[in-house]
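*Asks:* Line by line, the protein sequences are chains A and B.
Per numbering that gives the first Met the number 0, the very first residue in the first sequence carries number 0; after that it's consecutive.
Per numbering that gives the first Met the number 0, the very first residue in the second sequence carries number 0; after that it's consecutive.
Please keep in mind that the hints were generated in silico from the structure rather than gathered at the bench.
Quick caveat, the model's predicted, so the values are computed rather than measured.
Worth double-checking, as some hints may not be accurate.
So, partial list: chain A residues that the calculated Cβ filter (under 7 Å) puts toward chain B [what the hints assert, rightly or not]: (1) A18; (2) S34; (3) F35; (4) P38; (5) V40; (6) I50; (7) E63.
Counterexamples of contact, computed for chain A against chain B with all Cβ distances above 10 Å [to be verified]: (8) N2; (9) K3; (10) V13; (11) F27; (12) Y71; (13) I72.
Computed beta-carbon distance windows for the label pairs [said to hold, decoys possible]: (14) E73/A to Q84/B: 25 to 35 Å; (15) D168/B to E73/A: 53 to 63 Å; (16) P86/B to E4/A: 35 to 45 Å; (17) D33/A to Q126/B: 40 to 50 Å.
C-beta atoms are modelled at their ideal positions from N, C-alpha and C, and glycine is treated no differently.
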Amino acid sequence: MDNKERIATILKNVSKKPAVPDSTESLFDSGYLDSFALPDVVGELEREFGIQIPDSDLNPRKFESIARIESYIESRK
Amino acid sequence: MSAIRAFGAYLPARVVGNAELAERVGSEASRIRDVSGIEERRYATADESVAGMAAEAARQCFERAGAVAGDVGLIIVSSGSSERQFPGPASQVAQLLGTAQIPAIDLPMASAGGLFGMALAATLAPQYGNVLVVASEKMSTIMAREPADPGTAILFGDGAGACLIAAGDGTARIIATVLHSDGSFADDLRLEFGSPLAMNGRSVIMQASRKIPAAIHEVLEKNNRKPHDVEIFLMHQANQNLIDRVARAIQVEPPKFYSNIARYGNTSSASMLIAASEWWQNPGPCAGQLICFAAFGAGFHWGALLVEVM
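Modelling step: build the complete structure from the supplied sequences, incorporating the hints.
*Replies:* Written out as structure tokens, the structure is:
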């Protein structure tokens, strides 16, 4: 699985919804995630990718879409 | 070591249900409850000021402590919704209580103000004697500002809470405090002069979801304690979903977190002291119990405070 697929799997598990939005579509404006799901997504990203996301990086814009999450994960490598 | 003597609270009589607010913000009463856990909140009248509500909460606190206003050596008043830029309500609270000559300090901190006030009082009580901490908020005035943000206008209510802290004996010894501040996210929850409240809810939830559990663990570790050792968590009543999330994060059952948010909404800095005032009356503390306070708010400011019942 590439990173995009791994992120999509996390989002499906957290949201309990089968299909994810388009890569650049807002996960929130689309109604796919609510604000309280975001901390769960961050926690799952940390586990899946073996990274520690510092509080200073917890800017919702970094996690706005699959593409932005992918970009952030890439930046942490 | 400083100790809590008593708590008090004041809630305005006017009850504002979700249906009344739903119409204004274009939402539904059931949706407001689902996203926040709030069913109703209290709104002050034009005659009920921040200082006036604070003084009422203080009087109840004195009565429960068996104290009088003259016993107090210092007053700390927290409010993020005071009616004017300066002076803040602290000096007026002192005047209303008949203690106009003692020092009175304002903490214009919003939601974490009650907790920071308690921590400061614990430090200052050995020097000043009894320290009265009051947190009072009239958020309805701010929520009335247009344009109303549906996401925030539903959350807040009015009220005041008070706590009397002494250098010596009391009901519960304050055994540890942790306080933190980080201005990196100051713009994400702010109140500009004359403007509506501005809140980046996602940022607030993300930060609070991490920082509150971390502060609780930190204050417990100072005393080699674990979350399951705590009898009750008295936390800032921001949102029921956040309270439940913090409970899960520290792996305790949600009922371990006292909640009155369904009845009062988010009363900002007053909420934690109002919650403490209610819990202290029913069921109330028993000797040996550990009680953990925690709060998070604009700034961001956050922390936790641990007490042991005497």
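*Asks:* Now tell me, hint by hint, if it's right for this structure.
*Replies:* Evaluation of the provided hints:
1. A18: violated (22 Å)
2. S34: Check passed: Cβ of S34/A comes within 5 Å of chain B, closer than 7 Å.
3. F35: Status holds, d = 5 Å.
4. P38: OK, holds: P38/A within 7 Å of chain B, min 4 Å.
5. V40: With a closest approach of 10 Å, the V40/A hint is violated.
6. I50: With a minimum Cβ separation of about 15 Å from chain B (threshold 7 Å), the hint on I50/A is violated.
7. E63: With a minimum Cβ separation of about 9 Å from chain B (threshold 7 Å), the hint on E63/A is violated.
8. N2: holds (21 Å)
9. K3: About 22 Å separates K3/A from the closest Cβ of chain B, which puts it past 10 Å; holds.
10. V13: V13/A clear of chain B: closest Cβ-Cβ about 13 Å, beyond 10 Å.
11. F27: Violated, because the least Cβ-Cβ distance between F27/A and chain B comes to about 7 Å, which does not exceed 10 Å.
12. Y71: holds (13 Å)
13. I72: holds (17 Å)
14. E73/A to Q84/B: 25 to 35 Å: violated (47 Å)
15. D168/B to E73/A: 53 to 63 Å: The hinted range 53 to 63 Å holds for D168/B and E73/A, with Cβ atoms some 59 Å apart.
16. P86/B to E4/A: 35 to 45 Å: For E4/A against P86/B, whose Cβ atoms are near 60 Å apart, the range 35 to 45 Å is violated.
17. D33/A to Q126/B: 40 to 50 Å: holds (47 Å)
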